[in-house]
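Input sequences plus hints: build the corresponding full structure.
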Amino acid sequence: MSEAAAKPIPEVTPEMAPFWAAAKERRLVVQRCAACGHLRFPARAVCSACWSREAEWAPVCGRGEVFSVVVMHQAADPAFAALAPYAVAVVALEEGVHLLSGIVDCGAHDVSIGMAVEVAFEPRGPELLLPVFRPVRPSGAAR
Amino acid sequence: MPSHPLRGAAAIVGLGITPQGKVYGNSAIGFAADAVRLALDDAGLGRDDVDGLLLNPGLTWNDMGMGSFQLQQALGLRDLTLTATMNLGGATAGAMIQHATQAIAAGLCRTVVCVFSDAPLKPPSPKTGKQSSGAAYQFSRGWEGAHGFFGVNAMYALIAKRHMHRYGTTQDDFGRIAVAQRAWANRNPAAQLHDRPLTLDDYQRSRWIVEPFHLFDCCLVSNGGLAVVVTAADRACDAAKPPVWILGMGQGHPGGDPAETLTSGAPLASRTALPMAGIEIADVDVLALYDCYTFTVLVTLEDYGFCAKGEGGPFVRERVTGPDGGLALNTGGGQLSSFYMWGLTPVSEAVIQLRGAGGARQVAKHDVALVSGNGGLLSTHSTLVLGREAA
Numbered sequence: 105m106s107e108a109a110a111k112p113i114p115e116v117t118p119e120m121a122p123f124w125a126a127a128k129e130r131r132l133v134v135q136r137c138a139a140c141g142h143l144r145f146p147a148r149a150v151c152s153a154c155w156s157r158e159a160e161w162a163p164v165c166g167r168g169e170v171f172s173v174v175v176m177h178q179a180a181d182p183a184f185a186a187l188a189p190y191a192v193a194v195v196a197l198e199e200g201v202h203l204l205s206g207i208v209d210c211g212a213h214d215v216s217i218g219m220a221v222e223v224a225f226e227p228r229g230p231e232l233l234l235p236v237f238r239p240v241r242p243s244g245a246a247r
Numbered sequence: 577m578p579s580h581p582l583r584g585a586a587a588i589v590g591l592g593i594t595p596q597g598k599v600y601g602n603s604a605i606g607f608a609a610d611a612v613r614l615a616l617d618d619a620g621l622g623r624d625d626v627d628g629l630l631l632n633p634g635l636t637w638n639d640m641g642m643g644s645f646q647l648q649q650a651l652g653l654r655d656l657t658l659t660a661t662m663n664l665g666g667a668t669a670g671a672m673i674q675h676a677t678q679a680i681a682a683g684l685c686r687t688v689v690c691v692f693s694d695a696p697l698k699p700p701s702p703k704t705g706k707q708s709s710g711a712a713y714q715f716s717r718g719w720e721g722a723h724g725f726f727g728v729n730a731m732y733a734l735i736a737k738r739h740m741h742r743y744g745t746t747q748d749d750f751g752r753i754a755v756a757q758r759a760w761a762n763r764n765p766a767a768q769l770h771d772r773p774l775t776l777d778d779y780q781r782s783r784w785i786v787e788p789f790h791l792f793d794c795c796l797v798s799n800g801g802l803a804v805v806v807t808a809a810d811r812a813c814d815a816a817k818p819p820v821w822i823l824g825m826g827q828g829h830p831g832g833d834p835a836e837t838l839t840s841g842a843p844l845a846s847r848t849a850l851p852m853a854g855i856e857i858a859d860v861d862v863l864a865l866y867d868c869y870t871f872t873v874l875v876t877l878e879d880y881g882f883c884a885k886g887e888g889g890p891f892v893r894e895r896v897t898g899p900d901g902g903l904a905l906n907t908g909g910g911q912l913s914s915f916y917m918w919g920l921t922p923v924s925e926a927v928i929q930l931r932g933a934g935g936a937r938q939v940a941k942h943d944v945a946l947v948s949g950n951g952g953l954l955s956t957h958s959t960l961v962l963g964r965e966a967a
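In order, the protein sequences belong to chains A and B. Residues 105 to 247 in my numbering are what the first sequence spells out, letter by letter. Residues 577 to 967 in my numbering are what the second sequence spells out, letter by letter.
Partner residues aside, some chain B positions facing chain A, computed with beta carbon under 7 angstroms: (1) Ala722; (2) His723; (3) Gly724; (4) Phe726; (5) Ala730; (6) Ala733; (7) Lys737; (8) Glu787; (9) Ala835.
So the derived label-pair ranges between C-beta atoms look like this: (10) A:Pro242 x B:Gly902: 46 to 54 angstroms; (11) B:Gly902 x A:Thr117: 50 to 58 angstroms; (12) A:Trp155 x B:Asp639: 32 to 40 angstroms; (13) B:Asp639 x A:Val150: 24 to 32 angstroms.
None of these hints come from the bench; they were simulated from the model. Ideal Cβ positions, reconstructed from N, Cα and C, are used throughout, including at glycine.
Right, dumping it as structure tokens:
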């Protein structure tokens, strides 16, 4: 998909490298405090709940619901500007952690707060799979 | 109850506003210097009277470290006993004035100039004829940019959408705030959109920036500078213009996720500021609320208790906040319709109204003003209570 290839390729920082390695295997992980179990995303240096600096990456189920959503009509990036209008949401995962994500396989104006969504993986450049979210289909179609 | 030691310890005696908006050929530091000069002229003071300089640097100060020192050198100011470069976003103006007042009350200095300036707008390109505000591209390598999520507009839009979902706030509610403030701006010749009337239909037809925000939900972008002179009570009585007394001040920085709380730092900041000033919210004549977005005004009205939490929508539906209504709210047009000098925009309008210098937009009762500042994503907040009388 040439459009997708032109979208920005995220920088793989050392803190986020395990996340991208998991995504490449189509697994969604978030950071978990090794001391108190508090979940967070993206990677942070310290746990805001207990101040521990020890953390690990933990798998999450990849299902959740739309917590909030906006429809972007202008974008600093030319590839996204060409796609506008498109929806970007905050997804509340079943485990409680929130992730900002584009919503795919759905019209920009068909995304609503409370909508059930699940993770999908979008190729981004030659090396990366970017976790994004799409509506859960009633039939539970395989991803 | 004895009066708080900071109440009336200092006053704003000078206001300097440079030309605002699409003003080219000047830099951030140049606008700051112009604003300081204008403010001192307004106060009838000279550079030798200044012993404090506080700077809130706008975005285009980015490469200049120690900005307040750079400004001191540019202005040739000598022997300052207080200076700082401060940034709490839109809450900085209130925090600068608080910092100045505390230092003055403690005897550390006497006369402090607080200044903001920025120059993000570039002249139209000869090629495209388009204006550039040098849109922030810095997110594009990160997680947000990968998902096509860009800029502060979108971040606030996520919070506004939650408010609509949880409380039933409508698009028209946001629109009414934009329309009311524009009507005020139409009475303010210094406003960037002075000559541009706005109806609710115009608002609804204006282009989307990021839903649920139309163009007119978002503040302007301005080149310019703005400064105020804060001085000790004994000196304020000799100033060229009637002093605007600093009666109460407070800060509130709630932390957490504003998309969940839908609440600014106003409840926390006002808990300090209102008792210090010895007033209730009902005593306020002039409201100057920080308005990076229409939504911010709505939330701030709730958070100061003008209505219950979540009832900002019905409140602006029922209470007309424009010139013909009962609430003198953002009477210069605010940052939505006059100019975007961060927290000093509402400070400047409160000073103008308390002085009775509002011209066609002057409100009849103008003894006490409430000024709010808001920065980040409802992250930082400052409250000032200003008054015509010191006691």
